[in-house]
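Protein chains: 2
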Amino acid sequence: MTDFAPTARTRVKRLPKRARYDRETVYAILDAGFVCHVGYAIGGQPYVTPTNYWREGDAVYWHGSSASRMLRHLEQGVECCLTITHVDALVLARSAFHHSVNYRSAMLFGRAHKIDDPRAKLAKLEAFVERMVPGRWRGLRPVTEQELKATTVLGMALEEASAKIRSGPPIDDEADYALPIWAGVVPVRAVRGAPRDDGRLAPGTRLPGNLADLSHLGLERS
Amino acid sequence: MTDFAPTARTRVKRLPKRARYDRETVYAILDAGFVCHVGYAIGGQPYVTPTNYWREGDAVYWHGSSASRMLRHLEQGVECCLTITHVDALVLARSAFHHSVNYRSAMLFGRAHKIDDPRAKLAKLEAFVERMVPGRWRGLRPVTEQELKATTVLGMALEEASAKIRSGPPIDDEADYALPIWAGVVPVRAVRGAPRDDGRLAPGTRLPGNLADLSHLGLERS
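Chains as they are written, first to last, in this note's numbering: chain C, 1 to 222; chain G, 1001 to 1222.
These are computed hints drawn from the structure, not numbers from a lab.
Built from N, CA and C at the ideal position, the CB exists for glycine as well.
Keep in mind that the hints are not guaranteed to be accurate.
Claimed, not checked - Chain G is faced by these chain C residues, among others (derived, beta-carbon under 7 Å):
id : residue
1  : V188
2  : D198
3  : R200
4  : L207
Model the full structure from these sequences, guided by the hints.
Right, dumping it as structure tokens:
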């Protein structure tokens, strides 16, 4: 895999030591989550909309109602920015100035394209459900033509992206280490609880085994 | 408190039943987290940058290096959009179409202003540290003049905002409830682990009690 070439948009100017431009790092950040924040501008007004996404190869996809303002705007192929952020820890230093957060974030730039062909769109929805819960698609009530029409799927080639990562303990001014101030990190993570059925299961319906492990979504067991 | 009046920017068009415009709801979402995604456009190009934020009264604040592209752009008072999102559950329905995510999100629109006065800026940094870890500020090595100069603090009045919330079980098509398909929710939450010192504590430095409970940041114990 070729690395992303830093561009005017993606080159990390602040704390460039935290920057990564290799696909392996960017893809690992994408693959450790399922909610991104999509940025777009309509008449100069910026909007940031949270939505689910998934990666397939060298592209990301997201979807929603065909009536969505965000999707209707982005399907025109205008510039957009997708950002994914995972918070890993609070970083508590001996001075306010060196307080920080450990995180992994990825910023993706490009123009989205709409998946028009119904069979291709259906395949993308299958990929999304399978990404969320592997093995779930085949057991579901099939998608109807009307549902497919009511859904828009957008894709964006991963051509311009960067990652930014902070990890490890606080870095204090050398003289401050002598001070009697507690410093370190408080780890933060996303966890999933036990599945809860909706109380309307058909008789004999059991909890499927594919909900036992959702670590592929960055969700550990609590 | 007066509610936010829905505007062209904040009125929720998709699934308006999920929309809230009262300050109590919006503020509760803001107060349950500490990372937002800031959207801004430079020459029509949208950017989405993750950053820490905090609320004081009817305003939000965020900060960073005075050299930050994001802060240098926003301090000019251009339009921006701050979005905060908390994911509460995966929602698994009997059809792919009705799969969803339970979430609480808030979108804030406005123009930022820079806190210029050094004493006011210092007070804002204190408020931020106290928001993150109540009681921590007074024990820290004091902020230097140079550190204060190297830091930009922006504020934005909360005048135009909306919240969007989904909660509860999946809502399936009535006929689908007869199908032998497991449906329900998988709860998701953010948790904090045990604090880890950086291995360079001055002799006799103890873990402060104010790290025992970070639930005010939306972080439960794991």
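Now the hints, each set against the structure:
{"no.": "1", "hint": "V188", "result": "holds (5 Å)"}
{"no.": "2", "hint": "D198", "result": "holds (4 Å)"}
{"no.": "3", "hint": "R200", "result": "holds (5 Å)"}
{"no.": "4", "hint": "L207", "result": "holds (6 Å)"}
No hint from the list above goes unmet by this structure.
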